[in-house]
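Visitor: Model the full assembly from the supplied sequences, consistent with the hints where possible.
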Amino acid sequence: MSTVDILFWIFATLSVGGGLSMVLSRHPVSAAMFMIISLVGVAALFVLLESFFLAVLQVLVYAGAVMVLFLFIIMLLDVGPGASKINFSNWKTGLIGFGASCLLIFLLSALLSPGEDTLSFGQSWTVINNSTAPAPVDALVFSTDISAFGYALMTKYMLPVQISGFLLLAAMIGVIILSKRSGTPSSNS
Amino acid sequence: MESYLNFAKDNLWGEIWPELTLCLGALIVLAIDLFANSSNGKKRAGQFAILFQTILFVFHLLDYLLLRHTFDRESFSGMLKHGIHQDITRSFFLLSSLLVSVLAQFFLHTRKLRIGEFHHLTMVATAGLMILCQSQHFIVLFVALETVAICFYPLVAFDRESPKSLEAGMKYLIFGALSSALLLLGIVLIYGVGVNPEAWGATVPNTSYADAFSFHAVYQLITENSDHSLIRTGVVLILAGIAFKVGAAPFQIWVPDVYHGAPMPITAFLAVSSKAAGFFVLLTLVNGPFSGLSEFLLPLLGFIATFTIFFGNLAACTQKNLKRMLGLSGVAHAGYLMVAVMASMILPGSSDRAVWILFFYLFTYLLASFAVFGVMTIAKVQNDSEHEFTDYEELLRKVPWAGLTLIIGIGSLAGIPPLAGFIGKLLLFSVALEAKLYLSILAMVVGVVISIYYYFGWIREICFHPRPVFEDDDPKHDVWKDADRVGFIKPLLLSLLFASILLGIWQGPLGDAF
Amino acid sequence: MLTVTPLHFLILAFVLFGIGFLGLLIRRNILLMLMSLELMLNGINVALVTFSRVGNNLDGGIFVFFIMTVAASEVAVGLALLVALYKKRKSVFTDDMALLKN
Amino acid sequence: MNLNTILLLGSIIVPAVGSLLFFGGFPKEDSSIKKLSYFVFGFPFIASILLFLNFDPTQEYCFEILYSRMGLQELGITFHLGLNGVSSPLFAMAGIIGFAAGISAIHSGAERLRLYLALLSIMLSGLMGLFASVDLFFYYLFHEFALIPTFIMVGLWGGRDRRGIALEMTIYLTLGALISLSGLVALNVMIDAPKFDFPHLSDALTQVSLSDRSAYNIFGLLLFGFGILVALFPFHTWATRGYDAAPTSVSMLHAGVLKKFGLYGLIQIAVPLLPQAAECWSPWIMWLALGNILIVGFVAMAQTSFKAMISYGSVMHMGYCFLGIGVCSTIGVGSAVMLMCAHGLSVALMFLLASYVRRRTNTFEMEEMGGLAAKTPLLACFCLAATLATIGLPGFGNFWGEFGVFLSLGENKEHFTFLILAALGIIISAVFGLRAMAKIFFGSESQEFQKSTTYSSVSDLCKSEILPATSILVPLFLIGIWPLTISHRIDLEIGQRYAEFQSQSSSFKPSCCPDSEESTEEGNTLLP
Amino acid sequence: MINLALSLLFLPFVSALVILLFLRAKGNLASLVSVFTAAGILILSLLLLFNSQESSLVWNTTWFTMGSWELRFGILLDDPARLLLFIVSFVGLLIHIFSLGYMESDPARPRYFGGLSIFMFSMIGITLADNLIMIFVFWELVGFSSYLLIAHYFQTDEASQASRKAFIVNRVGDFGFLIGIVLTYWTFGTVNLGELADLADFSPSLITTGLCLALACGFIGKSAQFPLHVWLPDAMAGPTPVSALIHAATMVAAGVYLLIRIDFLFTEQALGLIAFLGAAMGLYAGFCALVQRDIKKILAYSTLSQLGYMAAAFGLGAPGLALFHLTTHAFFKALMFLGSGSVIHACHHEQDIFKYGGLRKRMPVTAGTFLIGVLAISGVNFLSGYYSKDAILLWAYNFNLPIFTLLYAGALLTAAYMFRLYFIAFEGEARSEHSQSAKENSLSMTLPLVLLAFLSVLGGYVILYPFNIGSYFAPDLSATALLPHHMWMVVLGTSAWIIGLVVARKLYAQVNQEDPLSQRLPGFFEICQSKLFFDQIYSFYVNKIQDPFCRFMEVMELLFISGLMVRGSAGVTALLAMLAKACYIGRVHVYALWFMLGTLGFIIYSSGIFE
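Chains as they are written, first to last, in the working numbering: chain A, 1 to 189; chain B, 1 to 514; chain C, 1 to 102; chain D, 1 to 528; chain E, 1 to 611.
Read the hints as simulated data drawn from the structure, not as lab findings. In this text the structure is predicted, and so the values were computed from the model without any measurement. The reader is advised that the hints may include incorrect statements.
To be verified - Each computed DMTMM-like pair below joins lysine to aspartate or glutamate, with the alpha-carbon atoms no more than 20 Å apart: (1) B/481 <-> B/352; (2) B/380 <-> B/295; (3) E/581 <-> B/386; (4) E/581 <-> C/95; (5) E/355 <-> E/514; (6) B/9 <-> C/96; (7) C/88 <-> B/161; (8) A/180 <-> B/161; (9) E/439 <-> E/514; (10) E/581 <-> B/388; (11) E/26 <-> D/460; (12) C/90 <-> A/5; (13) B/436 <-> D/192; (14) B/320 <-> B/478; (15) E/439 <-> E/427; (16) A/180 <-> C/95; (17) C/87 <-> A/78.
Guide: In structure tokens form, the structure reads like this:
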């Protein structure tokens, strides 16, 4: 059992446990806190997978921005545990949901089984340290180098990046529409 | 860094000029809206949007019909594909967007809602839809899909003073996000096998495409490994994501609620553009990357189609609320269209009949839906979400042109000859027969017969004498006051009506394709 | 205990996805539903990164980038909707969000 | 394009244009509405009769019009009009009934008359087109064209429970139309003829051989689809309820003309194209037809309302047409066509006269009438003539059709049961027909009638009422006394189509006697 | 020649059309047109009869074609046709003339005379038709004209009922006739009478009992034979001249004429059955006639009985005798009907014979001619009835004793009820005001009576018939002449009418308003009165079986087709629709469950479980 293994189990427990606690917690604030734990766990897993840039993004965007937004809204709306009537409206739905989710996880995990025999992941589990290696002509090779991301985004994925720009604009406008009082002066009355 | 430039060498932005122009137009609309002070100025933003889209539509038609007869080509490292199908879908979305804008202009004005933002979002969404249908790459597909979705969420909830509208937006958002999660999971599974086939016991395809998200690569992967369970699961999950988009069972459940709450032009937009986009993507997928799995997918699609037809029609029968009814009837239409998709899988070929028939059907659906939603838009129902049968009593007598338009629109949706919708259904029947999809035809026949109940139930209200009103009933709010003063909408609806009739009798050169 | 393999990461990813789904099914609080959705996307991200790492391919990593973007915008819009809805209904619970039904 | 083709096209287009004018509110004054509608309904009437007279039986299709750029090239759809021996009498019939229905509509005094006339002329246009279409797609299209206005008209001007009935009728008919449409499309797809019209399909069938199984299935679809549209026995309830509720002109056009759509389809398309399948299905057709004759006949006897009785009677007589088709011989099918023409005229006349009766008594209930003949002898005359025509008295066209059907049933020994049971129908129809006559016109006046408000003002038929009734009765009578006018062209046409059956049926025993085969042949040599 | 025949056929048709279309309001003109038409018919038919030297006139033209079936409109003027043509035109004219007087004050004269013309047209059609289908066409048409004329007084419920009954009962007979024609066509390949005769000669094996019995159904219906006889007495609700023309002289006789035309198609068994039925009818009708009070009903039953004689003669293989009796019967029965018409007219439409009495003094011509009719029908020696009826009796005596017995009993009864009628109506004292005030009618009514009386007397002398007319029954009569037991038959025949006369004289010479028989033999009277319950049986069938059955069918139709099939499927749809609707409860997490289940389903499907 290597260090990586130990770290994996720790972070796996963190993320899954955080997720479960989030789902089951009573208070929205604590749910948000558990969520942050889970997200940080996932970020740590990204590190284990040597995707350092994504790990950073994960912490910044999710744990930093999104969850803060959540907390902000929770505070704004002032929904405490008192406002939450019951978490499971009735145990039947909860049971069905729980069972269905377990089945889903089981099915998805079972899918991976054909790989087990033939796959020995240890071989491909080498630390990649080729930050300076030139990108290949026909494929984007995995790289820990942030610049690889940058280059890829600005060349091959230029179009999606541009679309994302509009996506963000649309989201922004959407939020404005929903938050700002009606734009036409006449409707203020 | 130079090595990366290879990827950028065919970023041919000129190929997507309509999308770019549309986005530019959207920005200009926003700008006009921003700098306009008076309500008149805001209105001008809308007028500009309509004008802009009209010009773009005409110019786009001219472009590919007269200037550049289109041929199949790719750009952006094979992420986009352009060709006659894509040009047709672009025109479809442009037309639909234009009609939405026109209806919205009236709708927003009467409801005193924001104008600029609405048009902006509509146009961006349309651009996203156009990109979506050209994409040959899962990342582009996903991003475009989400752009559309992100535009739609606020649009559905546009009337922020109405809890129903907001609720519809919320529901749409939750299920949209859920379905995109399913779609993503599917993509990821396929990607996982694609990047490392040996690890999953799959055959390595002899491919020149190193990008595992690319449709070409996926096509080769799937052709080589058509019985790989991970791939199959990925494919069905992607289908689940798209089934949500088109409103096919069992992911149809959100449809009536969202249609119910959404503002009328957006209901139309959802019903037409969003659904059509789903089908265009579905066609691209099942005839492209997933074509190796036809055998496996057909029974599933057959089940989806049948279930969708029955569920949509049956649930629509009991609806009193017209928007819900139309939503469910749209579900049924998705079922019919699913049959066309199946037929296109059975009868392969790049420009096979089934695809054209699907296009034609969607086009007739567009004409009919906008006729119906157009008339519903001009109805001054107190609450936009609550259109009831009784609001349309004796419309034919009160406002003859609107009544006639509505009847023709409903008739075309129901597939009554000699309207365009009938030709669509006829072609669908013929192609389904050719593909020997007898069970699906049976389901379609039964479905259409059930649908007569609610379609003609509505026509009945429009034509016939109302039920007797009792003294103690509240005097009804006059829905049809000033229905003649709707400006540009009247000629627009009448031309839709005319087109629905004309296409039903004479298809002319359009028919050559079938 | 076995050596950790990519399989573990994948199973973890699916577990996260499943927990997210579970949250969606059993929670009535829209805030928590939105969080659950985020959790699902996180699971996908883990899977994607694992595949990307194992397949030695950067496309997956880049996809994660886009997914994060999308997730963030969705949350933004969703929360804005929630606030607007809260103003109308004074509640963040789905039970109070059932105006649209038969 | 000579005069005949102009007449043919005109008889479809004039009503369509007329309906547009009515919709558009073109003639403002009542008098000009009347003038226009006389023209709109009169033109097809005159044109169809002229075309009937100009018909040249030697050609396959007379007065052909062909426009092939209608679109849908893959399905081979073209705009192809023309008349043949079967369709020309039916076309004339449609013109005649259309005229009568139109005139009665003009004088019906319905509310929103302009809309009524507009819808009626759409219907007429569809009916004229239906029988003039060679192309099967347009044949179907025109049918629906005529069908849709019935929904609105039943709902707007119908009788009791009109809203429900209009919807029920439409759903039912859509079911039938869709089933038959899938049959037609299946035929098209499987045969894959270059054009979707009858001559091309039958040409293509000689090259492509359809498997027995699919031929059987397609015929089944066509049979039940068309069967629903024609009110074949278990699917007849829409008709009886619908006609009962429909306004007069609609009942006339629907029961008289539109319902012939399905039979026409079976005769022109299904049976000649799929003869083997027709043979297989023929027991089905015949048993169900017996259901029409006997069961619906008995139900007709139980009716107390005059109009309901007519509705049931009209459905009952459809059974004879089906029997004729079920026999699949020239005599049977030809007689069925003959009966279609005559039945259309007589049923339309009955509905027309029922409306006249109602106008005078304010009711359809026969118990509340009686002795009307004393006040309205002319109406009684017309009604008697129509009733007798319906029950197949010689001198009216119906007789020839029914007799021919009976005759055709005798050909095959296996059909003897059908012959006996079907012939019972002549008694059944006489019973209810004459009972109605006796209750309405004969006997003493009922107390309800004497008390009714209209009692004092009851008068005999006026000119505007006589005109439509006469225009139907005269042709019916002419066919009856000189049937050769239409029988020879039907014979020529059907004889060609059913030549195959003729050769097959010679292998049947031609007579009912076990040892008669040789002796009949010998016997034939004796004939001059 | 042929033009003559065709104009003969269509003259009354044109006349009917003219009257019904243009002369609806002009009673006098209409009646004149009709009478002149009848006169024209007589002239034309006489011209035809005396000009046609060939044994038979054959002509035809295509009328209807359909596949292998070609129907020709043809004329066959052979011996029986000539005779019937003569009877129809001659009796027809007389009755037309009589009607002029009888219907003088009727406001609906045009309808009446139009109906008569239609009848003449159809009757001549039957006479001349050269094939079975054509006969059937005119067969139905006479049925129709009979319906029309019976319903002349349509305001009375009686006429309305009777006309319907006549038509429907005739239809029942026609049902068999129709099937017979169809069978004939497919057996012989033709329905042309001439060709049929040739074929039947050539291959007798084709003839079957079933076929000819089916054809005979037509006869049974039209000639009102057992069991379809019920309509004829009721048909007396029509005007009396109509009863004379249609229901005595011509139409009902057409059934016999039909049998004669197709006699070559009959087998032994069929003939035997017809003979037996006829003889039984002769007796049965006699019993019924014995107790009737209505003068026309007595005559109607007497007609039934005489038709029975004709049927018996035909069944015994002597169609000539049947036709001979038909001829003489036409004369004397028309005479009696017209006589009764004259009485009824004079007595203000009083028809009960017990309300007459003493009419001999007031209406001498009517009474005298009526007596001649009574004597003729009773078979008084040397009158026409004597020859025709006794010939039949002799024939029966020689060939079939049981049938003879029946017929002879019938002959006794005939004399009894006829003399009963005569005594009650014409002798004694007037028993009502009407009969007291009765006066002899005008010339237009008495002239036909006198003419017919002459014929009733002379009609039996074959020698008087021109060859063209009497040639058909001549052979059979000469065959009868050669039979043994002539003298014995004279004795029997004479004793029959004398017994009848004596009994009637004894019973009915002095009567009140009551029938003396009802007091003397109440049981017998009741049985005769009941007419063996035929009417009750039929009305039981109609009211208790047919009507409930129809209502039952209606309920079944409502229940199973409208209800179970149509509403049922709608109900199932509605149920499913409610189920589908119930899915929409508006809760997000329930909707999410759909997604979950869908996803699970999809994944399970992808695992290949369903393959």
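Visitor: With reference to the structure, classify each hint as holding or not holding.
Guide: These are the hints, each one checked on the structure:
1. With a C-alpha separation of about 48 Å, the suggested pairing of residue 481 of chain B with residue 352 of chain B is violated against the 20 Å cut-off.
2. At most 20 Å may separate the alpha-carbon atoms for a hinted pair to count; residue 380 of chain B and residue 295 of chain B exceed this at roughly 50 Å.
3. Using a Cα cut-off of 20 Å, the hinted pair residue 581 of chain E and residue 386 of chain B holds, with the two alpha carbons roughly 17 Å apart.
4. A C-alpha spacing of about 19 Å is found between residue 581 of chain E and residue 95 of chain C, which places the hinted pair at or below 20 Å, so the restraint holds.
5. Between the alpha carbons of residue 355 of chain E and residue 514 of chain E the distance comes to roughly 10 Å, so the proposed pair stays at or under 20 Å and holds.
6. Restraint check for residue 9 of chain B and residue 96 of chain C: the C-alpha separation of about 54 Å exceeds 20 Å, so the hint is violated.
7. Simply put, residue 88 of chain C and residue 161 of chain B have alpha-carbon atoms about 8 Å apart, close enough for the 20 Å limit, and the pair holds.
8. Note on residue 180 of chain A and residue 161 of chain B: the hinted pairing holds, with a Cα-Cα distance of about 11 Å set against a maximum of 20 Å.
9. Between the alpha carbons of residue 439 of chain E and residue 514 of chain E the distance comes to roughly 25 Å, so the proposed pair goes past 20 Å and is violated.
10. For the hint pairing residue 581 of chain E with residue 388 of chain B, the CA-to-CA distance comes to about 17 Å; that is within 20 Å, so the pair holds.
11. With a C-alpha separation of about 17 Å, the suggested pairing of residue 26 of chain E with residue 460 of chain D holds against the 20 Å cut-off.
12. Among the hinted pairs, residue 90 of chain C with residue 5 of chain A is inconsistent with the structure: their alpha-carbon atoms are about 48 Å apart, more than 20 Å.
13. At most 20 Å may separate the alpha-carbon atoms for a hinted pair to count; residue 436 of chain B and residue 192 of chain D meet this at roughly 14 Å.
14. Annotation: proposed proximity of residue 320 of chain B to residue 478 of chain B holds, straight-line Cα distance about 19 Å (limit 20 Å).
15. Using a Cα cut-off of 20 Å, the hinted pair residue 439 of chain E and residue 427 of chain E holds, with the two alpha carbons roughly 15 Å apart.
16. For the hint pairing residue 180 of chain A with residue 95 of chain C, the CA-to-CA distance comes to about 26 Å; that exceeds 20 Å, so the pair is violated.
17. Using a Cα cut-off of 20 Å, the hinted pair residue 87 of chain C and residue 78 of chain A holds, with the two alpha carbons roughly 12 Å apart.
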